[in-house]
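Novice: Here the protein sequences come in this chain order: A and B.
Number 274 marks the last residue of the first sequence (our numbering); no jumps.
Number 274 marks the last residue of the second sequence (our numbering); no jumps.
Please note that the accuracy of each hint is not assured.
In this list, chains with the same sequence are indistinguishable; a pair is considered to hold if it fits within one copy or across any two.
[Unchecked claim] As a list, the in silico DSSO-like pairs of lysine-lysine whose alpha-carbon atoms are at most 27 Å apart:
| id | residue 1 | residue 2 |
| --- | --- | --- |
| 1 | 91 | 165 |
| 2 | 194 | 213 |
| 3 | 194 | 38 |
| 4 | 240 | 165 |
| 5 | 38 | 91 |
| 6 | 213 | 3 |
| 7 | 207 | 91 |
| 8 | 3 | 91 |
| 9 | 91 | 247 |
| 10 | 247 | 38 |
| 11 | 247 | 165 |
| 12 | 3 | 247 |
| 13 | 3 | 207 |
| 14 | 241 | 165 |
| 15 | 3 | 165 |
| 16 | 80 | 165 |
| 17 | 213 | 165 |
| 18 | 240 | 194 |
| 19 | 194 | 91 |
| 20 | 247 | 207 |
| 21 | 194 | 207 |
| 22 | 80 | 3 |
| 23 | 240 | 3 |
| 24 | 241 | 3 |
| 25 | 240 | 80 |
| 26 | 194 | 80 |
These are computed hints drawn from the structure, not numbers from a lab.
Please read these numbers as outputs of a predicted model, since none were measured by experiment.
2 protein chains.
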Amino acid sequence: MEKVRRNERMSAIMKMLSSAPNRIFTLSSFCEMFGSAKSTMSEDVDLLREMCSHFDLGVVETVTGAAGGVRYRPAVSRNKARETIQDLCRKLSGSERVLPGGFLYYSDILSTPDIVNRMGEIIASEYTEVEPDFVLTMETKGIPVAFATANALGIPLVIARHSSKVYEGSAVNISYVSGSGSIETMSLSRRAVKENQRALIVDDFLKGGGTAKGMVELMREFNVTVAGMAFVMATVTPEKKRVSGEKSLMTLAVRDGEPAEAVVRPAEWLMADN
Amino acid sequence: MEKVRRNERMSAIMKMLSSAPNRIFTLSSFCEMFGSAKSTMSEDVDLLREMCSHFDLGVVETVTGAAGGVRYRPAVSRNKARETIQDLCRKLSGSERVLPGGFLYYSDILSTPDIVNRMGEIIASEYTEVEPDFVLTMETKGIPVAFATANALGIPLVIARHSSKVYEGSAVNISYVSGSGSIETMSLSRRAVKENQRALIVDDFLKGGGTAKGMVELMREFNVTVAGMAFVMATVTPEKKRVSGEKSLMTLAVRDGEPAEAVVRPAEWLMADN
Chain A
1 MEKVRRNERM
11 SAIMKMLSSA
21 PNRIFTLSSF
31 CEMFGSAKST
41 MSEDVDLLRE
51 MCSHFDLGVV
61 ETVTGAAGGV
71 RYRPAVSRNK
81 ARETIQDLCR
91 KLSGSERVLP
101 GGFLYYSDIL
111 STPDIVNRMG
121 EIIASEYTEV
131 EPDFVLTMET
141 KGIPVAFATA
151 NALGIPLVIA
161 RHSSKVYEGS
171 AVNISYVSGS
181 GSIETMSLSR
191 RAVKENQRAL
201 IVDDFLKGGG
211 TAKGMVELMR
221 EFNVTVAGMA
231 FVMATVTPEK
241 KRVSGEKSLM
251 TLAVRDGEPA
261 EAVVRPAEWL
271 MADN
Chain B
1 MEKVRRNERM
11 SAIMKMLSSA
21 PNRIFTLSSF
31 CEMFGSAKST
41 MSEDVDLLRE
51 MCSHFDLGVV
61 ETVTGAAGGV
71 RYRPAVSRNK
81 ARETIQDLCR
91 KLSGSERVLP
101 GGFLYYSDIL
111 STPDIVNRMG
121 EIIASEYTEV
131 EPDFVLTMET
141 KGIPVAFATA
151 NALGIPLVIA
161 RHSSKVYEGS
171 AVNISYVSGS
181 GSIETMSLSR
191 RAVKENQRAL
201 IVDDFLKGGG
211 TAKGMVELMR
221 EFNVTVAGMA
231 FVMATVTPEK
241 KRVSGEKSLM
251 TLAVRDGEPA
261 EAVVRPAEWL
271 MADN
């Protein structure tokens, strides 16, 4: 086997680690791949850890113990998160995106990979420490962001549906009061989660909190703990939501007028010092 | 500024390139970040190109011209794609996942980031050359794979809905015949796509092809060309689908019996030599 240079090894390892966040790679798997000694690989990993920290590119961690190895987490610094969200607020504010009825059009933002990945990484960075087992969202618009969050945390995504489907097997259905005041159904396959797991709820929009509360109740049916809740956008009114303790990335107010104007701001916790 | 070593520079560049597939980074942006000369950066990029090719980690490309620079594509080799899909087929085959009515439970597979990303990269690798402007999917189950495909191609995802929503603005609605023979509605916001764009349709399941045909018709309403169609799973029967030219990753047959058994196989095109 031709000798692989350190710069090649390190770039290859960086690529593999960052493509599978939170997955633990053993040093031996890298040793085998590159035909290097364990001490050499340890040095490579140390250098990568410093590099990531220096350039604010996330965290390379060594995990000790029998199942030990190296893993990568896309930890977004508060500064970088703030910059990303401020940019987004500028894009969403103004009158261009306001629809009849005072709704804001941002479906495009919710499915543009580059933006979605960054939002997912910001949410994941906030909830790494509560160690969720999966991310829960309610169809449809929040799915990409929820998926990006799950990806950044290296955990599965679970999608609640409006009705149970034959291809999901037996399901638990609950009723909840939606934003518009109507009674709706939320359904989740029995196979989707296990008792005593921890859920991180991620969704695109928080107004009254009816859907979010529905998800909390759904998790209770499964004996699952809700470890956290995050939303892309929360409306300024009503101030009191049916859930609490959530983190949103942005807040939305729509000012009446001709034309009506959307005021989108970074959430307070993002602007506070870490 | 402290001098940054080649191994650090290369790993950092690799991380940034691979986190934003198909985005063009200018050499000057890297020069600025690392305080290096353009010739040095060119050498770094050359080494990364060789490394990626050597370890089958995708493609690093130099784009010439005024808007030129460097970009990364997660091109999956036929061999690696085959291995991934064969693994998946083993996981899905057998009787454990067969539901009453002969349906296969694989919602978990469709939202586990690691698997979804690999499926997305395989699909993206097949359709890079047709240069789609966006990925189109129909809610709900195919959204994560469609998003991962869009991510790997560096293009937006567009999600068609079952009904038009107030927060999507004015929409085009069409009727289509679903798999079960009922007439359903498919809706897409007018703002979501532009005339003369090219769509790559990605969805989780292909049986009769009713929904897929609906998406093709929806694109016709927008004067959008369908550049390709890919599905995670296609049923063996009916053999004749309402669409043609599609690529699926796997085929599904369910054998009657006690218990019934799912036979999941890699699609033929995957098993053929590239």
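Novice: Hint by hint, say whether it matches the structure.
Specialist: Now for the hints, and whether the structure bears them out:
1. 91 with 165: So residue 91 and residue 165 pass the 27 Å test across copies only (22 Å; inside, 38 Å).
2. 194 with 213: within (20 Å within a copy, 37 Å between copies)
3. 194 with 38: Cα proximity of residue 194 and residue 38: none, with 38 Å in one copy and 54 Å across.
4. 240 with 165: between (34 Å within a copy, 25 Å between copies)
5. 38 with 91: neither (48 Å within a copy, 33 Å between copies)
6. 213 with 3: For residue 213 and residue 3, the Cα distance exceeds 27 Å both inside one copy (57 Å) and across copies (53 Å).
7. 207 with 91: So residue 207 and residue 91 pass the 27 Å test inside one copy only (21 Å; across, 40 Å).
8. 3 with 91: Close neither inside one copy (49 Å) nor across copies (37 Å); limit 27 Å.
9. 91 with 247: within (21 Å within a copy, 37 Å between copies)
10. 247 with 38: Intra 42 Å, inter 43 Å, cutoff 27 Å: neither.
11. 247 with 165: between (31 Å within a copy, 25 Å between copies)
12. 3 with 247: Intra 49 Å, inter 40 Å, cutoff 27 Å: neither.
13. 3 with 207: neither (58 Å within a copy, 50 Å between copies)
14. 241 with 165: Between copies only: 22 Å across, 30 Å inside.
15. 3 with 165: Classified as neither; 54 Å inside a copy, 59 Å across copies.
16. 80 with 165: Close neither inside one copy (41 Å) nor across copies (33 Å); limit 27 Å.
17. 213 with 165: both (22 Å within a copy, 22 Å between copies)
18. 240 with 194: neither (32 Å within a copy, 39 Å between copies)
19. 194 with 91: For residue 194 and residue 91, the Cα distance is within 27 Å only across copies (19 Å; inside one copy 40 Å).
20. 247 with 207: Only inside one copy: residue 247 and residue 207 sit 13 Å apart there, 41 Å across copies, limit 27 Å.
21. 194 with 207: Answer is neither: 29 Å inside a copy and 30 Å across each miss the 27 Å cutoff.
22. 80 with 3: Answer is between; shortest inter-copy Cα gap is 24 Å, intra-copy 38 Å.
23. 240 with 3: Answer is neither: 63 Å inside a copy and 52 Å across each miss the 27 Å cutoff.
24. 241 with 3: neither (60 Å within a copy, 51 Å between copies)
25. 240 with 80: Close neither inside one copy (29 Å) nor across copies (51 Å); limit 27 Å.
26. 194 with 80: Answer is neither: 35 Å inside a copy and 32 Å across each miss the 27 Å cutoff.
Figure legend: structure checked against the earlier numbered hints; hints not met, in rising order: 3, 5, 6, 8, 10, 12, 13, 15, 16, 18, 21, 23, 24, 25, 26.
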